[in-house]
Amino acid sequence: MSTIARTMWEQHQTEEADKVKQRDWLVPLGLVLCVSLSVVVTYFGLDLRDRLIASCEPFPGADRSPGEGWYVTFFLAPVLLIVSFVVLTLAYGVSAFAWGRKRPWISVLVGVLAAAVVGYLFILWADVPGYTPICPTGRPEWWPRWLPL
Numbered sequence: 530m531s532t533i534a535r536t537m538w539e540q541h542q543t544e545e546a547d548k549v550k551q552r553d554w555l556v557p558l559g560l561v562l563c564v565s566l567s568v569v570v571t572y573f574g575l576d577l578r579d580r581l582i583a584s585c586e587p588f589p590g591a592d593r594s595p596g597e598g599w600y601v602t603f604f605l606a607p608v609l610l611i612v613s614f615v616v617l618t619l620a621y622g623v624s625a626f627a628w629g630r631k632r633p634w635i636s637v638l639v640g641v642l643a644a645a646v647v648g649y650l651f652i653l654w655a656d657v658p659g660y661t662p663i664c665p666t667g668r669p670e671w672w673p674r675w676l677p678l
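The opening position of the sequence shown corresponds to residue 530 in the working numbering, with each subsequent residue numbered one higher.
Bear in mind the hints are in silico, worked out from the structure with no lab data behind them.
Ideal Cβ placement from N, Cα and C applies to all residues, glycine included.
A couple of the hints might just be wrong.
[Claimed, not checked] Restraint-style ranges between C-beta atoms, simulated for each label pair:
1) Phe573 with Lys631: 29 to 35 Å
2) Val637 with Gly667: 31 to 37 Å
3) Thr602 with Pro673: 27 to 33 Å
4) Leu619 with Trp554: 16 to 22 Å
5) Trp634 with Arg580: 19 to 25 Å
Make a model of the complete structure from these sequences and hints.
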């Protein structure tokens with residue numbers, strides 16, 4: 530192998546190693562981002578569910594029924610936490626693999642958007658009261674009209 534070819538090959542290997550080192554921060558960032566966003570989605574999703582129930586139920590304390598605490602603690606919270614973590618990890622991982630080398634900010638943006646989608650889909654899936662005397666339209670007054678519920 531000629532000296533020029535060897536020099537070019539070594540330079541190429543060095544450039545590839547530098548690119549990999551530039552992406553090394555994506556893995557720890559992904560772990561921190563996915564775990565923290567999953568916890569945030571779980572907390573705010575359950576809090577928003579609680580507010581929706583409290584706003585639309587015709588009697589005070591409807592969201593504080595005896596089985597409600599156990600149902601939320603041992604079913605809804607773990608399900609939402611696990612589902613959001615899996616979805617966020619997959620979305621972040623796929624985007625980091627696809628665009629991480631040249632545009633690492635896309636992975637962060639995809640993770641945040643996936644968290645918003647998971648939170649909204651949880652609210653649609655959760656057993657939020659529909660049409661009640663207090664909420665004849667099926668949504669409280671403070672809920673945005675352009676966002677289906």
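Hints, one by one, checked against the model:
1. Phe573 with Lys631: 29 to 35 Å: Because 32 Å falls inside the window, the suggested range holds.
2. Val637 with Gly667: 31 to 37 Å: holds, 35 Å
3. Thr602 with Pro673: 27 to 33 Å: The hinted range 27 to 33 Å holds for Thr602 and Pro673, with Cβ atoms some 29 Å apart.
4. Leu619 with Trp554: 16 to 22 Å: holds, 20 Å
5. Trp634 with Arg580: 19 to 25 Å: Since Trp634 and Arg580 have Cβ atoms about 33 Å apart, the given range 19 to 25 Å is violated.
Against the hints set out earlier in the document, a violation occurs for number 5 only.
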